[in-house]
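In mature numbering (1 follows the signal peptide of the UniProt record, and there is no 0), the protein residues as written are -19 to -1, 1 to 480.
No wet-lab data here; the hints were simulated from the structure.
Heads up, some of the hints might be wrong.
[Stated by the list, open to error] Dumping the calculated EDC-like pairs for lysine to aspartate or glutamate here, alpha-carbon to alpha-carbon at most 16 Å:
hint, residue 1, residue 2
1, K59, E248
2, K225, E179
3, K358, D275
4, K383, E29
5, K429, E387
6, K183, E210
7, K225, D173
8, K59, E254
9, K59, D245
10, K358, D12
11, K429, D173
12, K404, D205
All of these numbers come straight from a predicted model, not from anything done at the bench.
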Amino acid sequence: MVKCASLSASVAVPAFLLASCAVGPNFVAPDAPAASRYTREPQLASTESTRTPSGNSQSFSPGSDVSGVWWTLFRSRKLTGFVDEAVRNHPDIQSAEFALRAARENVLAEQGALFPQVSGTGSAAREQAPLYKLFNTSVSVSYALDLWGGTRRQVEALEAQADYQAFKLEATYLALTANVITAAITDASLRDQISATEDIVKAETDQLARIQHQFEIGAVSKSDVLAQESTLAQARATLPPLQKQLAQQRNQLMAYLGRLPSEDRGEHVTLAELRLPSRLPVTLPSELVRQRPDIRQAEATLHQATATVGVGVANLLPQVTLSGSYGASGTGKLFSPGTIAWDATSSVTQKLIDGGTLYHTKEADVALFEQNMAAYKSTVMSAFQNVADSLRAIQYDAATLKAQAEAEKAASDSLSMSIEQFKTGAVPYANVITAQQSYLNARIARIKAQAARFSDTAALFQALGGGWWNRADLTADASPRVNPGYFAGPNRSTQEAVR
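Model the full assembly from the supplied sequences, consistent with the hints where possible.
Here is the structure:
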């Protein structure tokens, strides 16, 4: 199948080549899924609200765009500072930037094959007997005519690889910023859990002192003292695991910031200082495929596979090369009429028998295209699932926080009542022990539910692509190259054209 193919505007080639055609299929970006929403409901209801920090309701705004600096919506300068430091220092960002630079240089290197190749030689010799000098100089030109567009398809494949690296850079940037936000939120949650546990340990220590005093005056039995000692020991035992998690979380956060663990300066955010965005954007499904870096990476891989099929088809056809030389040689003055020599030749090569190597290589490229098409569809499906999962998480996070806040209040009231009832002898001390454990568990669960609302809000921004297209620092040199030709012409299936 022969299709006309255009070159990048940055490549200047002879006009007759621009008019020629390239074999193989032209790439057309797959259509976005015909879906108008991510969930079954046409419109997602606002989340529940709770009278507790970060308990405000969140609403969804379909069709709204995603900010390029979405983490600033949490209204924390420390959090923003963490993201800025990570982007500046993390080696994964630097590695992705150099990979993109290498890919773009490979494109420029391959574009050189579209131009004539010129080489020059020169020599001089001196003989003693008889005494004479011999000079020889020539210029040779060779030009492999890209009649079938094989070289242009190879350039196209490398351009697609550069696109892949550009979107890999954006995917790395998005993953790093989301990981920094999540790590900082987890750090804050662990600190609050440790603080809550320490408060409870202090309260139970005071309670143990009171029980011991009552035992000394004969008001309670020794079993009550032992029970309180056991409860206090259990509360203290929950601290080391939380402290271990916090220490390891700090090491992870330092790694995201591009620091060594020993360079931890102790700066951190708290849940109390964070603000939960009350209005959340929800990108239209038709736009998600243009905004998710992983989908754009899969698309670039598919484009590269499409162009490679064209290379394989071109290799099956005759290859034409023009060559010529112009020079002079002799013992006298160079380039005089008697010393000039020149020649011009053309050659056509075509493999007649190769055991089917070229044909089966092309068929392997077709199969690889089909594989990449399936991988692209899988990536799109996963992306839509990510968004739907995040939306559900945000809805149920709010309900969970409300339930946990109510459970914490009920557990606190139950503990106070049990203590008062025990003082009057209405209940055994075992009731107090049970109420203390329930309150500790409820308070820790409420803190976790509070942190989950922030983490899952960040996950939604990540699932929507992170707003890289709105970042002010994305210059023309650093941005992914988007070829408007992807969308030119009839919107038909590339998969059909490959065959």
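Verification of the hints:
1. K59 - E248: The hint holds at about 8 Å.
2. K225 - E179: Between K225 and E179 the Cα gap is close to 15 Å, so the pair holds against 16 Å.
3. K358 - D275: 12 Å, holds
4. K383 - E29: Since the Cα atoms of K383 and E29 sit roughly 8 Å apart, the hinted pair holds (cutoff 16 Å).
5. K429 - E387: Holds. K429 to E387 sits at ~14 Å (cutoff 16 Å).
6. K183 - E210: Holds - the C-alpha atoms of E210 and K183 are around 13 Å apart, at most 16 Å.
7. K225 - D173: 14 Å, holds
8. K59 - E254: Holds: K59 and E254 sit about 10 Å apart, inside 16 Å.
9. K59 - D245: 14 Å, holds
10. K358 - D12: 10 Å, holds
11. K429 - D173: 9 Å, holds
12. K404 - D205: 13 Å, holds
In summary, the structure agrees with every hint in the numbered list given earlier.
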